[in-house]
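If you count the sequence shown from 1, position 49 lands on 49 in the UniProt record's numbering, and the numbers rise without skipping.
No lab work stands behind these hints, which were simulated from the structure alone.
Among the hints, erroneous ones may be present.
If you anchor each label on the Cβ, the simulated ranges turn out as follows [stated by the list, open to error]: (1) L5 <-> R28: 34 to 42 Å; (2) R33 <-> E61: 45 to 53 Å; (3) I19 <-> S52: 33 to 41 Å; (4) P30 <-> L63: 29 to 37 Å; (5) L23 <-> L3: 24 to 32 Å; (6) G50 <-> R29: 36 to 44 Å; (7) L32 <-> A9: 37 to 45 Å; (8) R29 <-> S52: 34 to 42 Å; (9) R33 <-> A9: 38 to 46 Å; (10) R29 <-> P51: 35 to 43 Å.
Note that CB positions come from ideal geometry on N, CA and C, so glycine has one too.
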Amino acid sequence: MELLLILGAVLACTVVGVIAVRLSAQSRRPPLRLDSELDERDEDLLTRVGPSRSPIDRSAEVLDIEPVRSDSRRPSEKM
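Generate coordinates for the entire structure from the input sequences, incorporating the hints supplied.
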């Protein structure tokens, strides 16, 4: 009985292996290739548009990171 189970498993693995090999052999296609990201046709467009303006004001004063100290206390902070 165990022999039949083992032979059935070997046969099933063989059948699945043959099917997998045949399917992979049939689907041999050349790999898909993408065009270059920067195409010659796009070169003119990119040079005409130019760089975008930054929304960051780089002429502003740079502030140090320090907590704001206030002299007034909250009502819950009574001593």
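Please test the hint of 33 to 41 Å on the beta carbon pair from I19 and S52. violated (55 Å)
Could you check the hint for me, namely that G50 and R29 are 36 to 44 Å apart, CB to CB? holds (41 Å)
When you take the CB atoms of R29 and P51, is the distance between them in 35 to 43 Å? holds (41 Å)
A range of 34 to 42 Å was offered for this pair. Does it hold for the Cβ distance of L5 and R28? Roughly 36 Å apart at Cβ, these two residues keep to the hinted range, so it holds.
Take the C-beta atom of R33 and the C-beta atom of A9, compute their distance, and say whether it sits inside 38 to 46 Å. holds (42 Å)
That 24 to 32 Å hint for L23 and L3 (C-beta), does it hold up? holds (31 Å)
Within 45 to 53 Å or not, the Cβ separation of R33 and E61? Since the Cβ atoms of R33 and E61 sit about 52 Å apart, the hinted range of 45 to 53 Å holds.
Outcome for the supplied range 34 to 42 Å, where the beta carbon pair is R29 and S52: With Cβ atoms ~40 Å apart, the hint holds.
I want to verify a distance hint. Is the separation of the beta carbons of L32 and A9 within 37 to 45 Å? For A9 against L32, whose Cβ atoms are near 38 Å apart, the range 37 to 45 Å holds.
Cβ-Cβ distance between P30 and L63: within 29 to 37 Å? The hint (29 to 37 Å, Cβ to Cβ) is violated, given that P30 and L63 are roughly 58 Å apart.
Checked against the numbered hints given earlier, the structure breaks hints 3 and 4 and satisfies all the rest.
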